[in-house]
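Participant: Make a model of the complete structure from these sequences and hints.
Protein chains in written order, with this note's numbering: chain A, 1 to 478; chain B, 1 to 478; chain C, 1 to 478; chain D, 1 to 478.
Hints are not guaranteed to be accurate.
One copy or two, it doesn't matter: identical chains are merged, so the pair holds either way.
Stated by the list, open to error - Computed cross-link-like contacts, DSSO-like style, restricted to lysine-lysine with a CA-CA straight-line distance of at most 30 angstroms:
#, residue 1, residue 2
1, Lys69, Lys11
2, Lys390, Lys468
3, Lys69, Lys449
4, Lys28, Lys38
5, Lys69, Lys354
6, Lys173, Lys157
7, Lys11, Lys390
8, Lys243, Lys157
9, Lys390, Lys28
10, Lys386, Lys173
11, Lys208, Lys157
12, Lys465, Lys412
13, Lys69, Lys33
14, Lys449, Lys33
15, Lys354, Lys194
16, Lys456, Lys28
17, Lys43, Lys82
18, Lys82, Lys69
19, Lys11, Lys157
20, Lys260, Lys40
21, Lys240, Lys157
22, Lys28, Lys11
23, Lys210, Lys157
24, Lys43, Lys456
25, Lys38, Lys11
Calculated from the structure, these hints are not laboratory results.
4 protein chains.
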Amino acid sequence: MNFEQVNIPEKLVPDNYLQLGLAAQRSKQRSFKELLEKRKLPKNGWSDERIEELVHMLASLDSNNYPHKVGLGEREARIACKLVARRHYNFGHGIGRSGDLLEAQPKAAGSTLLARLTNALILDLIRGIGLPSCAGCFLVPMCTGMTLTLCLQSLRKRRPGARYVLWSRIDQKSCFKAITATGLVPVVIPCLIKGESLNTNVDLFREKIKSLGVDSILCLYTTTSCFAPRNSDDIAEVSKLSKQWQIPHLVNNAYGLQAKEIVNQLECANRVGRIDYFVQSSDKNLLVPVGSAIVASFNESVLHDVASTYAGRASGSQSLDVLMTLLSLGRNGFRLLFDQRGENFNYLRENLRKFAEPRGEIVIDSRFNSISLAITLATLAGDQMKSITKLGSMLHMRGVSGARVIVPGQNKTIDGHEFLDFGSHRSNLQVPYLTVAAGIGITREEIDKFFDIFNKCWNQIFQTKNEKIMSLLETTIK
Amino acid sequence: MNFEQVNIPEKLVPDNYLQLGLAAQRSKQRSFKELLEKRKLPKNGWSDERIEELVHMLASLDSNNYPHKVGLGEREARIACKLVARRHYNFGHGIGRSGDLLEAQPKAAGSTLLARLTNALILDLIRGIGLPSCAGCFLVPMCTGMTLTLCLQSLRKRRPGARYVLWSRIDQKSCFKAITATGLVPVVIPCLIKGESLNTNVDLFREKIKSLGVDSILCLYTTTSCFAPRNSDDIAEVSKLSKQWQIPHLVNNAYGLQAKEIVNQLECANRVGRIDYFVQSSDKNLLVPVGSAIVASFNESVLHDVASTYAGRASGSQSLDVLMTLLSLGRNGFRLLFDQRGENFNYLRENLRKFAEPRGEIVIDSRFNSISLAITLATLAGDQMKSITKLGSMLHMRGVSGARVIVPGQNKTIDGHEFLDFGSHRSNLQVPYLTVAAGIGITREEIDKFFDIFNKCWNQIFQTKNEKIMSLLETTIK
Amino acid sequence: MNFEQVNIPEKLVPDNYLQLGLAAQRSKQRSFKELLEKRKLPKNGWSDERIEELVHMLASLDSNNYPHKVGLGEREARIACKLVARRHYNFGHGIGRSGDLLEAQPKAAGSTLLARLTNALILDLIRGIGLPSCAGCFLVPMCTGMTLTLCLQSLRKRRPGARYVLWSRIDQKSCFKAITATGLVPVVIPCLIKGESLNTNVDLFREKIKSLGVDSILCLYTTTSCFAPRNSDDIAEVSKLSKQWQIPHLVNNAYGLQAKEIVNQLECANRVGRIDYFVQSSDKNLLVPVGSAIVASFNESVLHDVASTYAGRASGSQSLDVLMTLLSLGRNGFRLLFDQRGENFNYLRENLRKFAEPRGEIVIDSRFNSISLAITLATLAGDQMKSITKLGSMLHMRGVSGARVIVPGQNKTIDGHEFLDFGSHRSNLQVPYLTVAAGIGITREEIDKFFDIFNKCWNQIFQTKNEKIMSLLETTIK
Amino acid sequence: MNFEQVNIPEKLVPDNYLQLGLAAQRSKQRSFKELLEKRKLPKNGWSDERIEELVHMLASLDSNNYPHKVGLGEREARIACKLVARRHYNFGHGIGRSGDLLEAQPKAAGSTLLARLTNALILDLIRGIGLPSCAGCFLVPMCTGMTLTLCLQSLRKRRPGARYVLWSRIDQKSCFKAITATGLVPVVIPCLIKGESLNTNVDLFREKIKSLGVDSILCLYTTTSCFAPRNSDDIAEVSKLSKQWQIPHLVNNAYGLQAKEIVNQLECANRVGRIDYFVQSSDKNLLVPVGSAIVASFNESVLHDVASTYAGRASGSQSLDVLMTLLSLGRNGFRLLFDQRGENFNYLRENLRKFAEPRGEIVIDSRFNSISLAITLATLAGDQMKSITKLGSMLHMRGVSGARVIVPGQNKTIDGHEFLDFGSHRSNLQVPYLTVAAGIGITREEIDKFFDIFNKCWNQIFQTKNEKIMSLLETTIK
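Facilitator: Okay, here's the thing in structure tokens:
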């Protein structure tokens, strides 16, 4: 709606009062115009009202919202439940078309705009936080794992004869399942253990390329963000191999958009080598509900291969979440969260060290991991290593989520492949440990509360252990 | 919240007034209890208020909504934008876990409940409309095509040596792309042409099984709901082949849950043969926004294979849409829509016949298609066959969406496979035609408006054609 | 926001798709333009989305919603709670100014528009349903009683020497309190009893005018809508008196806008005599939450006196409710409710007669009451008249609200005035009765359910009574 | 709804996951219990979700929300428009009954609870910020002026022979109209001028009491919060008169709840004398939309007189706004706003002084006004006093609202009473001035922006004036 084309009678409102109100609209209208014409993230976040006005206007461009619509097809974006329509701002057509996530829909100009505008804003964000070479990206309304699968599938179309995926081990089920789902053959490259931290075994990558043969290898597959003490893979070195042998390189950057160090690593790896796709979770990086991932590339032309591998039309709900979130944050709002995360990581690390030292534990030095931290539980566990797992549930019971206890001896088979000491990203784990992470959005208050609770749980376990020992001693003496 | 444990002082409200209010709550509480304990679709639809109360309560069971939460992980379902949180009722954790869509999440009891309750209600719905043998089903937050891909991928895990998918031709891109995405090899089984309608070539299926060998065939892949004049595949006969040769059978039932005839066909096919999975779109059948599909099976044990092929955690937004929609409709509300669709299909067919006859056209007799109808455009097109395509855009411009004009000679290559006369599900199409569908949710008013507009467009094209002929004649005479 | 001034790049959406969407906006824009320029109720109701778009746009014209606002006053419409702001669509400034409900606010062009547009639409509605002579009206965000007080106060400014208000008795507390609140002196004119129904005693009005003297009388005060068996006052005859003696005439038309007969009576009374103000409840007539009344007049010039008697700025929330409701109903939607109410009244009366006859009761013939009905409870009560009151609470306990039981002997004193048989609008009531009403919005289903419940309660009381008599007889016999 | 009475099957969610979720509900349930049982403002604000859960639960206790309701009355809280119902959380019955704002409604236990709980929380707030002697209060859904009228009307019922209201002059229309609306006779007590500030003329009050006679005086009527340079009335001294002569004392405390000084003054005045009612605006003090006022008293028994003077049932919407706002702020949230206001007032005053000094103006020393400030415009105006009014609109045009320019010579007649120099609270104003206020919710950023804009406007006017003088000089010289 637009008041300026309406001759509002003086009887309704005095014209000088009205003019003030109309003048105030103009800056808003300018912000809409700029957003749509320049497709850049606004500097400052928008108000809820402004965001909703844009979203409503976009939705009104879709045919299911035309007042005079006549639907004679099998899919007309009819929505039976008013509450559902309302929560989707009357968007119903989804995004993409005929098996291509990036295609426009004739029935749904608004949904098309929504999807493409969102992708443009994400690109602007990615470039702004330290990846100026990023050439393009788009949101896929599937999880990171499935999106990695989609990338592998699209690579297979390019390299139909290749069947191996060289994968630097990381113990997260869906990263691995992303390979097995495609029917391709995973080749696990174990990490190098340095101290207690884990690094990419670049030499082994090279050896495998030679031994398996370049043509039989679909791609090299690395991971940045991960649980300590595993470090972010050395993607610069792997990128060099990728460039040298002309083998595609796929990076699982699950929650790496939130860390300056990883962002820099990606930009640098592209300069010295080759990355075909880097894939990241929307929810973990952009603070939206679970449900989508972002495929990005330094080479725009290869992106479309991935988009056209999605067989159908997809949910637009995730694009809407990301669009609304980015507009509400603005460039400054995201930057603030980004910087605070970095500071909170340092705060967490420092406090974890202070916690560890007097208790005879250490914070493992995984210097190439700037999100997650691991503290050993050697003294606490003693020789009752398995019993230490209850620390995790004790923390959980008290409201701490996300802290994980890793103990030796947890083997696991996934789709026929056995992983020793699953969870630790390595075989032959000796010392149990606990990991915690400073994810984007974490508050200093949460960190403080965590140490309170951690301390209480620690003491409780410690005391129990000592009592057991004492009673054992007593029994022995008698 | 629960008033009954609260001693509301008389100063706030007289007790006898309060008791009346509390009594009214009890029937509501009973409906919640029944829903959760019995997991059946309520007979009558619920009010918006009741639906939202349930949804809010479920969300409050997720850890991101605990008042005392302390998040130390990399994924804590933090939601940055209030508007986004609000439209998701504060759900953030998605569904599934560790690469299994059906697994429970320790951090998210509410999301787990949401997903499983939704699946239970869908199952109850499917059984109630004519598929009592259905053993289980679940919602996948991806489109139908990608869900078919997921099924194929999970079948490959069972039959790693097989590489062919025998597919009864249907000209919808994503159905075909669902195969090529997996890297499997599609074997196209052209339809039999009978009159102008198209039927499954069961004999050719049999021949191909013999010629390619059972072990090399991953599955038989058929489609029910489709555009006329293609008929629903003869899934009963294909099921028999499937049973006889022990080859899996996958059915693309995209919008088949809305048609009694197709539902009966499925139930029957299972009795006489074998169907491993039948997959349907949520948006097309259940009137929710685009974004999810339902995998169902007559054999519960094989369902989990599909769920565990999804590599990651998935969006819960689609489960929420379906849950809210089913609760708002109730069993009776859905049944009403279901029955009305049947009546409206008859109404549309009858009126299409009345429209066709005086114009020298026919409604093609595709008797095994109970959703879509095709009317020939032979006389209208005359020898200007290609020009008839503009009829489609004329209709679209006037608000009619979903009507499609098919003309001969539209060849298309998808992922390396060429399809002659793409769109017509056959080669060597002679007569152009228009298809329209009576999808669930269509109204009689829409059908009437369609014929108004169709008539006007027809006359306009017809007149233009005659004028061209006249002027041609005139030129000739001169 | 207005897309037409924005050059949306082809990269975001193909222009031909966009144009279709934009074309669909134009009919909407036309509806906004027409509403604001013509200030007439739309023929058909608007969709929720359209209503909210208008409301949001109006709110954005208020200074508290300017992006660049700087508030240095004591009242800046700051809203602390987001939820509150949201439910008021960010309206905060209320309506009116400096003690005049109709004045525009320099700070709030949108609120001013909201209030005046609402008044214009109400006027259009009132004229359309049978009061074409109505010259003006406005919404007062106070209850009907307080609005009547406001009218009396404004009349006093015109007639400072007058102190009597001649009031045709109606036993509703707030009608009477509306007089005593002002400090004026009520002169009660008892009704004439005809059969069991009650009519205006016009002769007594005339006598009182003569005996008290014209100048000492502030106004004549009548009531239309009321509980049976009281009839609507004979406002035509009272209007003649008003005209003849030049004494203002105030009509309490609480829920009279919903009845054709009352509307006609008002229009007719104005033709033959004089009505200064007629006041009606918004909630009872327009189905909004309790909270406002409408002052209307056949003489626009006197309306402003009332508006300028309101000492301050008032809530705009009620105007918003009425505006949204009228737009959602449209002229046709209200007309439908209006007509259905008439039919449901006939249905209720007929069924009440069928209920009464076999039980030896009658439906009192109050033919000038077309909303409420009274059925005698003579046989049911027998000589246990007081005990019949429990019938009311029995109905209430079973979900029936609004049915009232009136028994003789309930005297009451209000602000120093004693009313015998309060509730019956008369003294010396003999026969107890029950009243029910067919208000606007009632459904046939409710009426049917009422008779089910009424029947059960009746039988229960009847049986108890008989058992008492029997046991009494038995005792006597023994 | 209450999960604890439901046996949620393990199939839906593992019990240990569910138990964590349920445990998290308990603290929420405790907060509800405590609120309703103790009726005290929570220490910390509640989340939106918690507030809405309470509000929905309250609404579900009203009969219009019973699933089995059968409405046979003339007022059944039917709501025609879904959007309206939604924004009122399905509350429809309003508050109060039969002409008494404090009475419970049998049909609406929830609305009754809503109203009374809100009143209880307001009382707790008032006591907590420095008025521990406050005995009771309630919200009236009318503006402050009309609520003052209501108080006067209820006082008249107690003192029917009295007709004068002794009123310390304040130039705000609705304060005065509050008297004239009642038909009582205002006796204006001009302020004492001390420097340029204005103080209560207590002696004149005393004289008037003597000259008019105690019995003829309905009440003394003072005002606390007001525009500088008028000071808050000396309510302590007036209270002493009130006590001494046993004449009621009514205090207009429009926006006085936000200032520590005024709150202390009220508490003290009650100790040394008598205040019957003090009335304050909800929107100005509690940051809700315009529409209600709060009547408070140190004597609970006299409050009911006011409540029972409201002739009808009133809107509950304002109670809802206040309830939601208070719960969202909590005691601490309000305290923070309250303290910040005080600091911002000091900041504004300091900056105003810095602004005034170099320009040859002064900030008038109205030390008993702790909200509003006045700066003289003597030098700016020069001898073009009237032209200075444009400063106001210049500020307004630039987004500054609430700053008022007062110039000599603006006489005004209200309801027959003439006020010289209206706006200045005095006759014979010499020096023009500008007032600004630091209301609750003002931000430091706003104050800074104000001085930017003020400075620019000042310079512009100053320059124009100088240019005029120069050109005048030039003309003269020539």
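Participant: Each hint should be assessed against the structure and marked as holding or not.
Facilitator: Going down the list of hints, with the structure as the test:
Taking the shortest Cα distances, Lys69 and Lys11 sit within 30 angstroms of each other only across copies (26 angstroms), while inside one copy they are farther apart (36 angstroms). Only within a single protomer do Lys390 and Lys468 lie at most 30 angstroms apart by alpha-carbon distance; the minimum there is 16 angstroms, versus 71 angstroms between protomers. In the homo-oligomer, the alpha carbons of Lys69 and Lys449 lie at most 30 angstroms apart only across protomers (9 angstroms), although the nearest pairing inside one protomer, at 55 angstroms, exceeds that limit. Within a single copy, Lys28 and Lys38 get their C-alpha atoms as close as 15 angstroms, and across copies as close as 27 angstroms, so both meet the 30 angstroms cut-off.
In this assembly of identical chains, Lys69 and Lys354 lie within 30 angstroms of each other by CA distance solely across copies; the values are 23 angstroms between and 66 angstroms within a copy. In this assembly of identical chains, Lys173 and Lys157 lie within 30 angstroms of each other by CA distance both inside one copy and across copies; the values are 25 angstroms within and 16 angstroms between. Within a single copy, Lys11 and Lys390 get their C-alpha atoms only as close as 74 angstroms, which misses the 30 angstroms cut-off; across copies the closest is 25 angstroms, which meets it. In this homomeric assembly, Lys243 and Lys157 come within 30 angstroms of each other (Cα to Cα) only inside a single copy, at 20 angstroms, whereas the closest approach across copies is 33 angstroms.
Taking the shortest Cα distances, Lys390 and Lys28 sit within 30 angstroms of each other only across copies (27 angstroms), while inside one copy they are farther apart (55 angstroms). Taking the shortest Cα distances, Lys386 and Lys173 sit within 30 angstroms of each other inside one copy (22 angstroms), while across copies they are farther apart (53 angstroms). Within a single copy, Lys208 and Lys157 get their C-alpha atoms as close as 22 angstroms, and across copies as close as 25 angstroms, so both meet the 30 angstroms cut-off. In this assembly of identical chains, Lys465 and Lys412 lie within 30 angstroms of each other by CA distance solely inside one copy; the values are 29 angstroms within and 72 angstroms between copies.
In the homo-oligomer, the alpha carbons of Lys69 and Lys33 lie at most 30 angstroms apart both inside one protomer (28 angstroms) and across protomers (22 angstroms), since each shortest distance falls under that limit. In this homomeric assembly, Lys449 and Lys33 come within 30 angstroms of each other (Cα to Cα) only across copies, at 27 angstroms, whereas the closest approach inside a single copy is 45 angstroms. Taking the shortest alpha-carbon separations for Lys354 and Lys194, only the intra-copy value of 23 angstroms comes in at or below 30 angstroms, while the best inter-copy value is 65 angstroms. In the homo-oligomer, the alpha carbons of Lys456 and Lys28 lie at most 30 angstroms apart only across protomers (24 angstroms), although the nearest pairing inside one protomer, at 52 angstroms, exceeds that limit.
Taking CA atoms no more than 30 angstroms apart as the test, Lys43 paired with Lys82 passes between copies only; the shortest distance there is 19 angstroms, against 35 angstroms inside one copy. For the homomeric pair Lys82 and Lys69, the shortest alpha-carbon distances inside one copy (18 angstroms) and between copies (23 angstroms) are both at most 30 angstroms. Only between protomers do Lys11 and Lys157 lie at most 30 angstroms apart by alpha-carbon distance; the minimum there is 26 angstroms, versus 68 angstroms within a single protomer. For a Cα distance limit of 30 angstroms, the shortest separation of Lys260 from Lys40 inside one copy, 21 angstroms, qualifies, whereas the shortest one across copies, 47 angstroms, does not.
In this assembly of identical chains, the alpha carbons of Lys240 and Lys157 lie at most 30 angstroms apart only when taken from the same copy (23 angstroms versus 34 angstroms across copies). Taking CA atoms no more than 30 angstroms apart as the test, Lys28 paired with Lys11 passes in both settings, with 27 angstroms inside one copy and 23 angstroms between copies. In this assembly of identical chains, the alpha carbons of Lys210 and Lys157 lie at most 30 angstroms apart whether taken from the same copy (23 angstroms) or from different copies (29 angstroms). Taking CA atoms no more than 30 angstroms apart as the test, Lys43 paired with Lys456 passes between copies only; the shortest distance there is 27 angstroms, against 44 angstroms inside one copy.
Only between protomers do Lys38 and Lys11 lie at most 30 angstroms apart by alpha-carbon distance; the minimum there is 11 angstroms, versus 40 angstroms within a single protomer.
In the structure shown, no violation is registered for any of the earlier numbered hints.
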